[in-house]
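Trainee: Here are the chains, one letter per residue:
There are 6 protein chains.
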Amino acid sequence: MPYVTVKMLEGRTEEQKRALVKEVTEAVSRTVNAPPENVTVFIEEMSKNHYGVAGVRFSDK
Amino acid sequence: MPYVTVKMLEGRTEEQKRALVKEVTEAVSRTVNAPPENVTVFIEEMSKNHYGVAGVRFSDK
Amino acid sequence: MPYVTVKMLEGRTEEQKRALVKEVTEAVSRTVNAPPENVTVFIEEMSKNHYGVAGVRFSDK
Amino acid sequence: MPYVTVKMLEGRTEEQKRALVKEVTEAVSRTVNAPPENVTVFIEEMSKNHYGVAGVRFSDK
Amino acid sequence: MPYVTVKMLEGRTEEQKRALVKEVTEAVSRTVNAPPENVTVFIEEMSKNHYGVAGVRFSDK
Amino acid sequence: MPYVTVKMLEGRTEEQKRALVKEVTEAVSRTVNAPPENVTVFIEEMSKNHYGVAGVRFSDK
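Protein chains in written order, with my numbering: chain A, 369 to 429; chain B, 369 to 429; chain C, 369 to 429; chain D, 369 to 429; chain E, 369 to 429; chain F, 369 to 429.
Note that these hints are calculated values from the structure, not bench results.
Please note: incorrect hints may appear among the correct ones.
Repeated chains share a single entry, so a pair holds when one copy, or any two copies, can fit it.
Taking lysine-lysine and the DSBU-like style, the derived pairs with C-alpha atoms no more than 35 Å apart in a straight line are [to be verified]:
{"#": "1", "residue 1": "416", "residue 2": "375"}
{"#": "2", "residue 1": "375", "residue 2": "429"}
{"#": "3", "residue 1": "375", "residue 2": "390"}
{"#": "4", "residue 1": "416", "residue 2": "429"}
{"#": "5", "residue 1": "390", "residue 2": "429"}
{"#": "6", "residue 1": "390", "residue 2": "416"}
As the structure is a prediction and not an experimental result, all values here were calculated from the model.
Let's have the full structure, built from the sequences with the hints guiding it.
Mentor: So, in structure tokens, the structure goes:
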């Protein structure tokens with residue numbers, strides 16, 4: 369605890385994902401006073417045809 | 369806001385998914401009085417071996 | 369199947385939520401060709417202090 | 369109802385997933401007094417580069 | 369890992385929830401070969417006005 | 369995009385939650401190169417009787 373899920377469009381590099389997990393863990397740990405080893409991060413990627421705002425998918429723009 | 373997630377078995381066409389995002393956005397916008405540009409829709413697909421009812425996966429039927 | 373989750377700020381009336389469930393079910397059923405009795409809708413409400421965009425919670429605006 | 373989601377690292381066999389859905393359904397049905405045909409199970413797999421604890425992804429260990 | 373979420377209507381007793389967490393953990397541990405101390409269970413309760421099937425909320429039946 | 373959900377035990381102060389949303393947004397924005405105004409954060413709190421590890425709820429320890 370805490371458990372963090374980051375949902376974003378696919379396409380980030382491994383280097384970006386590695387930094388994301390590291391820095392989000394630090395931000396959570398620091399602000400809610402939880403030891404870093406208790407922080408779990410999940411990345412969920414979505415494709416452009418499965419994500420829409422205002423009724424239009426990103427793959428259709 | 370609002371954020372809508374539709375979880376369903378894989379296999380729908382792009383045309384069906386496009387209509388789904390459009391019409392769900394309209395239904396949400398109309399009923400809860402939110403501007404369409406504030407409505408986000410995510411589609412999550414699952415495969416038949418990752419979905420079960422009554423203890424049996426759809427891939428095992 | 370499908371399973372739809374609508375996440376939104378608390379404060380909608382029962383009448384709005386009733387219409388939301390009805391019309392989202394119809395939109396999903398129509399567009400992905402699923403019988404309405406197979407469509408499930410979940411509403412998840414969030415409070416303004418648990419929701420932020422651009423780093424600022426809605427309760428802090 | 370109930371709806372159960374099991375999120376785990378990819379790599380389990382079909383036989384393990386089949387048993388998982390069956391036995392989790394039985395455990396839920398028995399303990400909360402719901403008929404098995406009302407229990408739905410979803411499996412969500414994650415890859416090692418999308419899952420981290422203590423700021424480090426499993427793919428980086 | 370694994371992480372299990374059980375979503376159900378509110379109203380179960382503490383005794384039922386305690387048994388649910390225990391027996392679901394055992395079922396998951398046994399079937400996917402994970403040590404019980406690695407299994408996490410979350411319970412999410414929903415109210416009858418936030419849950420509908422076939423376009424009708426359970427609170428409206 | 370991205371959408372971040374932080375799930376944790378209830379009991380944090382408003383000050384902690386405010387800082388959490390701010391600093392997680394900065395960490396995500398910086399590492400995946402997304403403008404802060406595109407980052408959304410949701411906080412989900414759970415109670416000790418709805419969260420268990422190794423088959424035992426935190427409320428039962």
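Trainee: Now look at each hint and say whether the structure bears it out.
Mentor: Structure-based check of all given hints:
{"no.": "1", "hint": "416 <-> 375", "verdict": "both (13 Å within a copy, 16 Å between copies)"}
{"no.": "2", "hint": "375 <-> 429", "verdict": "both (20 Å within a copy, 23 Å between copies)"}
{"no.": "3", "hint": "375 <-> 390", "verdict": "both (16 Å within a copy, 17 Å between copies)"}
{"no.": "4", "hint": "416 <-> 429", "verdict": "both (10 Å within a copy, 30 Å between copies)"}
{"no.": "5", "hint": "390 <-> 429", "verdict": "both (33 Å within a copy, 13 Å between copies)"}
{"no.": "6", "hint": "390 <-> 416", "verdict": "both (26 Å within a copy, 15 Å between copies)"}
Hint compliance for this structure: no hint is broken.
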